[in-house]
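Engineer: Each chain is listed here by its residues.
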Amino acid sequence: MRQYITRRLLISIIVLIGVSMMLYALSRLIPADYVTLTTSTQAKITEEMKDHLRDLYGLNTSFLTGYWNWFKSAIRLDFGVSLTYARPVTEVIGSCMAVTFSIAFIALLFEVAIGLPLGILAARKRNTKTDYIITAFIFIGISLPSFFFAAMLKRLFGFYGLNLLPTSGLLNPRILYDGFTLEKLKDYAQHLIIPILVFVLTGCGSWLRFTRANMIESLESDYVRTARAKGIPERRVVYTHAFRNTLIPIVTLLGASLPSLFSGAIITEQLFGIPGIGSTAFKAYELSDVPFLMGFNVFLAFLTIVGFLISDILYAVVDPRVRLS
Amino acid sequence: MGDTKRELKEKDKQRNKDLKKVKRFNAKVYRRFARKQHRRVPESRYKTTMKNPENVLEIDGLHTYFYTDIGTVRAVDGVTIQIPRGKTVGVVGESGCGKSVTSLSILRLLQEPQGQIAEGELRFNIGDGEAIDLAKVPPKRMNSIRGNDITMIFQEPMTTLNPVLTIGKQLDEVVRYHNVDKLTSRMIKDRSIEMLETVGIANASGIYSMYPHELSGGMRQRVVIALALLCNPKLIIADEPTTALDVTIQAQILELLKALKDKVSASIMFITHDLGVVAETADFVVVMYAGRIVEQGTVYDIFHAPSHPYTIGLMKSRPSDAIGEESLYSIPGNVPSPIELPDYCYFRNRCDMSVKACRGKYPSMLPLSDTHEVACYRYIKIGSEANG
Chain B
0 MRQYITRRLL ISIIVLIGVS MMLYALSRLI PADYVTLTTS TQAKITEEMK
50 DHLRDLYGLN TSFLTGYWNW FKSAIRLDFG VSLTYARPVT EVIGSCMAVT
100 FSIAFIALLF EVAIGLPLGI LAARKRNTKT DYIITAFIFI GISLPSFFFA
150 AMLKRLFGFY GLNLLPTSGL LNPRILYDGF TLEKLKDYAQ HLIIPILVFV
200 LTGCGSWLRF TRANMIESLE SDYVRTARAK GIPERRVVYT HAFRNTLIPI
250 VTLLGASLPS LFSGAIITEQ LFGIPGIGST AFKAYELSDV PFLMGFNVFL
300 AFLTIVGFLI SDILYAVVDP RVRLS
Chain E
0 MGDTKRELKE KDKQRNKDLK KVKRFNAKVY RRFARKQHRR VPESRYKTTM
50 KNPENVLEID GLHTYFYTDI GTVRAVDGVT IQIPRGKTVG VVGESGCGKS
100 VTSLSILRLL QEPQGQIAEG ELRFNIGDGE AIDLAKVPPK RMNSIRGNDI
150 TMIFQEPMTT LNPVLTIGKQ LDEVVRYHNV DKLTSRMIKD RSIEMLETVG
200 IANASGIYSM YPHELSGGMR QRVVIALALL CNPKLIIADE PTTALDVTIQ
250 AQILELLKAL KDKVSASIMF ITHDLGVVAE TADFVVVMYA GRIVEQGTVY
300 DIFHAPSHPY TIGLMKSRPS DAIGEESLYS IPGNVPSPIE LPDYCYFRNR
350 CDMSVKACRG KYPSMLPLSD THEVACYRYI KIGSEANG
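For the protein sequence lines, the chains are B and E, in the order given. Residue numbers for the first sequence follow numbering that gives the first Met the number 0, so the first one is 0 and each next one is one higher. Residue numbers for the second sequence follow numbering that gives the first Met the number 0, so the first one is 0 and each next one is one higher.
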């Protein structure tokens with residue numbers, strides 16, 4: 000097991016270097032660079048001044064030297080200074096990560112907590128009214144875009160509707176500068192209800208569908224028939240015999256969803272005015288902020304690799320047939 | 000051209016209409032089934048008495064239907080079998096003749112509500128001269144019989160054990176949930192290990208904590224047999240227990256089953272398509288064809304005086320009879336589609352001995368001797384003589 004993990008980690012490093020190279024190439028291939036984009040409306044700035052700026056920002060180098068410079072500092076975990084935000088990249092990412100992660104994590108917990116039991120229920124009551132109703136609702140959730148739900152919920156709970164919940168931002172400005180109080184926590188919670196609801200509505204469908212499909216397969220398998228023939232309670236047949244086997248593919252999905260906890264949601268964050276990583280990264284993309292894009296994307300690539308590693312390890316935990324070597 | 004096109008369209012329309020009719024009918028059947036499912040059944044409704052108290056199980060006129068989208072499949076259509084105490088009854092027939100569905104009906108493991116017992120009684124002897132009808136027993140009571148009084152050995156040892164649970168866990172839970180003797184978990188474990196030893200597994204305590212994938216096919220089938228024996232069942236249904244195994248292992252498993260039968264004094268319903276296996280293990284033989292019994296009798300009756308043309312065909316197509324011959328005998332034609340079977344002998348079209356009387360409706364069972372019965376018009380004369 001340990002040998003397997005070390006080998007996987009070594010391979011991961013090579014993959015990460017390859018990925019970062021490609022990411023750098025893509026960031027540099029964007030036709031307009033940061034200097035062109037930020038100075039395009041100012042006629043007073045001459046070409047010489049632009050060249051000078053490019054020198055300063057390290058955008059005048061060739062692809063290879065540029066990458067080498069980035070790589071040299073990156074292995075010392077120094078990802079440079081974001082051009083858009085004029086702060087170190089790690090600091091920018093760090094400052095908005097907490098918000099993004101907590102929203103995504105809470106939403107994921109709800110998605111799994113709703114998706115799995117309903118999926119099991121739908122599989123057990125396959126082709127009955129219960130199943131059809133669950134599946135229909137889930138398809139609505141999957142098919143309609145997040146901005147539709149965002150708009151509907153804002154209208155329903157917001158100022159023009161029931162006026163129960165705030166519809167944008169993270170905090171009421173009045174308590175922004177308070178210390179950590181219960182009041183503040185409650186305000187955070189109130190602001191996050193609708194965004195999390197949107198995530199759950201659009202996200203739990205895939206968990207449900209996945210669970211339902213796999214559960215149907217296990218419920219029809221020979222070992223479930225054997226379990227029934229043993230005369231053990233139906234509860235145990237479903238949750239121990241069938242669900243333990245459904246868990247195997249679900250674990251893979253869980254590991255693979257690790258990067259999505261940090262990648263943020265551009266549209267939803269914009270709609271609710273949440274200063275998360277999604278909207279932050281979006282602005283950096285617009286201005287082709289190479290250091291930020293590199294830092295952020297390599298971070299996501301790292302998480303993806305870690306996610307797969309985690310799901311491989313979990314795979315061996317839930318499936319005794321898998322031996323990692 | 001235009002004409003044929005219109006004709007095709009008409010045909011299509013007719014077919015769609017028929018399919019819709021089937022769907023409506025099925026929906027009605029499912030609804031009725033669901034209603035029955037929720038009703039509480041008083042004990043008096045399923046309590047009966049055995050016709051012969053020496054029998055463990057009496058299957059009486061069992062009809063099991065599958066309500067599919069293209070019509071009702073009569074998988075088992077009026078099967079009557081008696082399983083005496085301590086004896087082995089072999090059920091023989093080719094694939095799709097309803098052998099396995101019969102066994103699943105006894106344990107009520109059909110895929111409901113598509114598959115249902117439409118008619119018939121399954122009288123199971125619970126001792127003291129009392130019997131219960133398994134076809135009417137409420138699910139909870141049924142669950143206490145499954146794995147306890149009636150157990151099953153399945154066909155495919157590679158897939159019948161749960162891959163993510165240890166052998167020990169899968170054995171223990173049977174005793175734990177039917178805990179008649181109020182055993183502690185320590186005793187349950189000992190019992191499981193003891194049972195593994197009984198079915199001829201060396202290093203039983205090591206196997207106890209292993210997973211199914213660590214065992215060979217023959218070993219797994221031994222584990223499945225151990226599962227079936229844990230609660231001292233009265234009846235063991237073995238559904239082609241040796242089909243998926245290679246020949247040497249097959250012989251070992253058969254040997255084991257024979258040895259165990261004497262030890263545990265249970266009756267065995269042995270389902271197989273292998274006549275050799277039947278000859279070796281069974282006391283009585285039932286030959287099934289297209290969901291019905293065509294012939295039944297003692298092993299001696301069936302092997303020395305096979306009477307139904309189908310049984311005769313089966314005997315002829317055994318490989319052991321064909322040594323030196325160029326090709327194996329095979330019965331011409333196929334099993335008829337089980338949807339909307341006609342009311343005449345289902346074997347008529349494949350039969351090379353058919354007589355004029357075969358055009359009539361489906362023949363009923365005719366006694367040839369006290370133990371031997373056959374459903375064939377060729378014996379109608381003998382039958383009436385025997386009766387009169």
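Wrong hints could be hidden among the right ones.
Unchecked claim - With a Cα cut of at most 27 Å, we get these calculated DSSO-like pairs of lysine-lysine:
1) E:135 with E:86
2) E:168 with E:50
3) B:128 with E:260
4) E:35 with E:135
5) E:188 with E:50
6) E:50 with E:86
7) E:16 with E:4
8) B:128 with E:16
9) E:19 with B:124
10) B:124 with E:188
11) E:262 with E:188
12) E:135 with E:188
13) E:27 with B:128
14) B:124 with E:35
15) B:124 with E:86
16) B:128 with E:4
17) B:124 with E:139
18) E:257 with B:128
19) E:22 with E:135
20) E:139 with B:128
21) E:86 with B:128
22) B:124 with E:4
23) B:124 with E:27
24) B:128 with E:262
Simulated from the structure, these hints should not be mistaken for lab results.
Engineer: Indicate, hint by hint, whether the structure satisfies it.
Structural biologist: Structure-based check of each hint:
1. Taking the CA atoms of residue 135 (chain E) and residue 86 (chain E), the gap is about 25 Å. The hint holds against a cut of 27 Å.
2. Simply put, residue 168 (chain E) and residue 50 (chain E) have alpha-carbon atoms about 40 Å apart, too far for the 27 Å limit, and the pair is violated.
3. With a CA separation close to 47 Å, the supplied pair residue 128 (chain B) and residue 260 (chain E) exceeds the 27 Å bound.
4. Only pairs whose Cα atoms come within 27 Å are accepted, and residue 35 (chain E) paired with residue 135 (chain E) is accepted, the gap being roughly 10 Å.
5. About 40 Å separates the Cα atoms of residue 188 (chain E) and residue 50 (chain E), which puts this hinted pair outside 27 Å; it is violated.
6. At roughly 17 Å between alpha-carbon atoms, residue 50 (chain E) and residue 86 (chain E) fall within 27 Å of each other, so this suggested pair holds.
7. Distance hint between residue 16 (chain E) and residue 4 (chain E) is fulfilled; the C-alpha atoms sit about 18 Å from each other, no more than 27 Å.
8. Straight-line distance between C-alpha atoms of residue 128 (chain B) and residue 16 (chain E) comes to about 24 Å, which keeps the hinted pair within the 27 Å bound.
9. Under the criterion of a C-alpha separation no larger than 27 Å, the hint pairing residue 19 (chain E) with residue 124 (chain B) is consistent with the structure, at around 23 Å.
10. For the proposed pair residue 124 (chain B) and residue 188 (chain E), the alpha carbon gap of about 35 Å is over 27 Å, so the pair is violated.
11. A threshold of 27 Å between alpha carbons decides the hint, and for residue 262 (chain E) with residue 188 (chain E) the separation of about 21 Å falls inside it, so the pair holds.
12. The hinted pair formed by residue 135 (chain E) and residue 188 (chain E) fails the criterion: a straight-line CA distance of about 34 Å is larger than 27 Å.
13. Of the supplied pair hints, the one linking residue 27 (chain E) and residue 128 (chain B) holds, its CA atoms being roughly 15 Å apart against a limit of 27 Å.
14. Taking the CA atoms of residue 124 (chain B) and residue 35 (chain E), the gap is about 17 Å. The hint holds against a cut of 27 Å.
15. Between residue 124 (chain B) and residue 86 (chain E) the alpha-carbon distance is near 40 Å, which puts this suggested pair outside the 27 Å criterion.
16. At most 27 Å may separate the alpha-carbon atoms for a hinted pair to count; residue 128 (chain B) and residue 4 (chain E) exceed this at roughly 39 Å.
17. Restraint check for residue 124 (chain B) and residue 139 (chain E): satisfied, since their Cα atoms lie roughly 19 Å apart, inside the 27 Å limit.
18. Distance check on the hinted pair: residue 257 (chain E) and residue 128 (chain B) sit about 48 Å apart at the alpha-carbon level, beyond 27 Å; violated.
19. About 26 Å separates the Cα atoms of residue 22 (chain E) and residue 135 (chain E), which keeps this hinted pair within 27 Å; it holds.
20. Distance hint between residue 139 (chain E) and residue 128 (chain B) is fulfilled; the C-alpha atoms sit about 24 Å from each other, no more than 27 Å.
21. Under the criterion of a C-alpha separation no larger than 27 Å, the hint pairing residue 86 (chain E) with residue 128 (chain B) is inconsistent with the structure, at around 46 Å.
22. Straight-line distance between C-alpha atoms of residue 124 (chain B) and residue 4 (chain E) comes to about 43 Å, which puts the hinted pair past the 27 Å bound.
23. Between residue 124 (chain B) and residue 27 (chain E) the CA atoms are separated by roughly 18 Å; this keeps the pair inside 27 Å, and the hint holds.
24. For the hint linking residue 128 (chain B) to residue 262 (chain E), the alpha-carbon distance of about 50 Å lies beyond 27 Å, and the restraint is violated.
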